[in-house]
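Student: Each chain is listed here by its residues.
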Amino acid sequence: MNVTYNWLKEFVDFSETPDELAALLTMLGLEVDSMVKLGEGLDDVVVARVEEKRQHPNADKLSLCKVNNGKEIVDVVCGAQNFTQGATVALAQIGSVLPGDFKIKRSKIRGEESCGMLCSDKELGLADESAGIMVLDADIAPLGTPIFTALGLKDTLLEIGLTPNRSDCLSVIGIARDLAAKLGVQLKPLATTLPEAGEPVGSFIKVTIDNPELCPRYAARYISGCTIAPSPEWLVKRLTSIGIRSINNVVDVTNLIMMELGQPLHAFDCDRLAGKQVVVRTAGEGELFTTLDNQQRTLQATDLVICDAERPVALAGVMGGLNSEIELTTTAILLESAFFKPAAIRKTAKRLGLHTESSHRFERGIDIDSVGRALDRAAALIVELAGGTVAQGALDVYPGNSERTPITFRPERANGLIGITLERSEILDILIRLQCRIAENSDGSVSVIPPHYRLDIEREIDLIEEVARLNGYDKIPATMPIARVVSDRPSRHQEIEKLVRELLVQNSMTEIINFSFTSADAAGKLLLSDDDPRRVAIKLANPLVDEHSVMRTTLLPGLLETTAKNMSFRSLDLKLFEMRRVYFPGEGDNMPHEPLCVVGAISGSRDGDGWSRPQEAVDFYDAKGIVESLLESLEIGGVSWNSEQVESYYHPGKSCSIFAGRDYIGSVGELHPTVQKNFGIEKTVFCFELNFEKLVKLSRTKKTITAPSRFPDSSRDIAMLVPDEVPASKIIDCVKAEKAKEIEQVQIFDVYCGAGVPAGQRSIAIRIRYRSFERTLAEEEIVALHKRVVTNLVNKLPVTVR
Amino acid sequence: MREQLEQLRNGAVQAIAAATTVEQLQEIRITLLGRKGELTALMKGLGSLSAEERPVIGQLVNSVRDEIESALGTALAAAQENLIAERLSSERIDISLPGRRPLRGTKHPISLVIEEVSAIFAGLGFSVAEGPEIEHDWYNFEALNFPPEHPARDMQDTFFVENSMLLRTHTSPVQIRTMLKQKPPVRIIAPGTVYRCDSDATHSPMFHQIEGLMVDTGVTFGDLKGILTVFTNQLFGQKTGVRLRPSYFPFTEPSAEVDIACVICGGKGCRVCKNSGWLEILGAGMVDPEVYRHVQYDAEQISGFAFGMGIERIAMLKYGISDMRLLFENDVRFLRQF
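Line order of the protein sequences matches chains A and B. FYI, in numbering that gives the first Met the number 0 the residues of the first sequence are 0 to 801. FYI, in numbering that gives the first Met the number 0 the residues of the second sequence are 0 to 337.
Keep in mind the hints are simulated off the structure, nothing from the lab. Here the structure is a predicted model, which means the values were calculated and not measured. Where a beta carbon is used, it is the ideal one built from N, C-alpha and C, also for glycine. Take the hints with a grain of salt, since some may be wrong.
[To be verified] Rough simulated footprint, nothing fancy, chain A against chain B, three-plus residues with beta-carbon under 8 Å: (1) 62-75; (2) 104-110; (3) 172-181; (4) 214-222; (5) 282-291.
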């Protein structure tokens, strides 16, 4: 809602400056989003008089003027011809800056000194074009008065961002009312004298309301003999000042009154209304109607329309029809002022995408009580500007009763809930200032009837809010609540989520967050089979773009897109992870599933760039290592790595599924080259994916900690040739199967194939550390135990000890 | 013998003085005091001396040996010290070369802010609650006092999905789910992802909020002001000014927008605060009785407040980020700075 400082002053007296006013309104909940000060910085342009005017000696078209600015006489060279000696003009003095950053400086023009400039309307930003300088009335203001002040144009436009509950403030009077209540002053009375003449309105036109539930009040006046013409300058300026384009005198009046009182009005060309009657009814299903903006609309049975005897002439509360629009030839006008049901207007406006100043107000609710006043004020102004006669009386069909139900209000509850200690009288005074009618009840409560225009006040709490608001939020003391102790700790889910994030960050990984929606073909890019459940995604009914049309069922596409994008920026050493929800449709009426997932991708060199280390590229084992350390930290046991069944998006020979016991918990592997290509990724990428919900289920809270042995250790190495088809893990398993408690650790420390190793085999070296918890092991004991281990390996596995 | 000893001592003192390295000194020790050393040889001759001479010479031998030992010890310590000094003066590395460090992992700024805000509220006794992102209209709107066709629904452009469900437009449905699950006292915050059908430089179709809810007996609007003042002071600094001004949300009444003194200009007015000196960071208010009705709480018996803040907004203010889109572009050159 736009309103100007001066316009508000017409309704209420206040002494606040524009800045103070803005702060006051904001603290009232009428937030001033922005302010435009008209004439700001132009105070050096003043009213002045040309005391002497003579020909410039060196230029035919210039004159030399002696100009009186109220304090002194200055020399000004002027090129305009449209003024005489003695004229009152606008003088831009030295130092003033005109619109367009035009600085006025002392200068010499063709050898003659000029100490200022006589301005035109255009130069002051008051007109698009002007012929010559601005010549003012001699008595406009004392010499030296700033020109914007003298013209009454000094004003400030306030742009107020209204919350949807404050429909009463969609008008200048509404904002003035709140201001008056805050300041504790009376609103200036609004005087309207409407001359009526001739036949009563009923002899010209008839109104029938078919759907009173959608139109509880419909009022109209008939004005004949009007002349449609451009609006006078004051009206154009006023509308322009709040951003409304001038159309003609009649339409401008309806707009002006709407802005002033908040009542949308519509003027019909009465001669174009068939049968001289108005019917308010719902539209026929599929009925066609062309609105003022020349768009043909298909109506539905829920749309409310204003009709003449034959056809719709306006879409009620939204927009008039082209068929009854005011034209230059119009002389007879039917002026409509009505109240339409907010929900009905909202439905129609929303469906047709037709959001107008009128629909905006009706949707939020207008003051049913001031329908008549707005009608009369507009009619009076129309005859003043367009001539004509207002027929006697108004048609006012108002079948309902608008008396509001009183609200029971307890002043002490207001104090208690807000946390203040106002006197009862102060509280009631606030309500009275808001134009509520109050009556004391015997039990100490008060019956309050709010004014008609405050549709947002219906309950006691609404009144409590008004008390807090008018008294001022800044006057509420900040206190700390006295609260009961609540015993709670983060859920296991929350704790593990935090832990996993910490662990991944410790593993040098950078967390990313992608949008939860993705494109419908994301699953296809991952080569998922047709029956893969991840192909069934929840679709958005109204996506903004196709790439964001479904809720993601896997985090991989986002991760891979991010990988590709970063690589394109030459960030090639990547360690990324994302831990977010994925979404699966619920079965039947069940809620969708939103399990948390964890994915990671690594690529490029292991340790980043450096001068002191050879740059080694990350591989499968880096990805696996991250997963291993994560699972270990979460105390998830019984982990197995299965390369038999792997996800479609991995390299089949360099990937595996991860199980903990029988539970599938995720996968790790090198990205399939086709998938890599599908996502436009330049370099080899290794990924992992973990089902977070499974991690939570399987993780053990209890850690088993053992005190370390205090006795010396002894290590033995075994190097062996191992056929490729025998997994290295079997060797470890085989040693561990020994179940000797003296075997402290088994570690693979070398894997080699190449020169000296037969094809199809690898040389694998393991180191076994022996140590007892009870004593220092004797050399013979170790030798014996180690021999058993080696024998066992050779017997159980097709390996050859080198 | 006496002379021999004297000679040996003098020779030894000279040799020790002349020696410069640890090796030389050790050589001397072996030559003189070793198993086959000169002094050792002399001592073996003691047996041939007379009973009178023996103790006298014996004593002399001991004193010569002590003297040599002590001189050797001192010289050896000095030589060792020299050796260290020499090593220290000859060894130099270029300490300006960068250190060898593991790549540093980073949390996303959104996660960082959620953790920080959650920690502050944990200190105030608030625990963390969660709820689904794909919600029923009832939880997201109706129970929060947004009736169907209500203009307040226009404040939140909604993404719809099948089965008349929607992507939650705020974290407020968690209030409803929590109150339906438990009786007062309630003290929770609910961080989460929310969605609105809007995308430009200042709006992202997906963003994050933290909801807060406290319901107990006798909770006042002043308490809300107190909690939020403590919170903003802990998050943005002890002296950060806080201002509440009237606003409207269907599920709170009275409602407030909460502004903090601009953290960029300190309240003097700048581009970020649009010259107002204030930055809007929170919406808040007393829980509306209509909400209590939907969760079967008795508004006459209890009262409470709720608040909600945009995490992106806080992240942008905290880290001086001017474009929200940076938060979701996932450029590691941006993310690795956190």
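Student: Compare the structure with each hint and give your call.
Tutor: Each hint, compared with the structure:
With 0 residues having a beta carbon nearer than 8 Å to a beta carbon of chain A, the region 62-75 of chain B misses the requirement of three or more and the stated coverage is violated. Coverage of the region 104-110 of chain B by chain A holds in this model, with 6 residues showing a Cβ closer than 8 Å to a Cβ of that chain against a need of three. Given as covered by chain A, the region 172-181 of chain B fails the check, having 0 residues with a CB less than 8 Å from a CB of that chain where 3 are the minimum. Look at the region 214-222 of chain B against chain A: 7 of its residues bring a Cβ nearer than 8 Å to a Cβ of that chain, three or more, so the hint holds.
For the region 282-291 of chain B, the stated coverage by chain A is satisfied: 3 residues place a CB nearer than 8 Å to a CB of that chain, which reaches the threshold of 3.
Checked against the numbered hints listed earlier, the structure breaks hints 1, 3; every other hint is satisfied.
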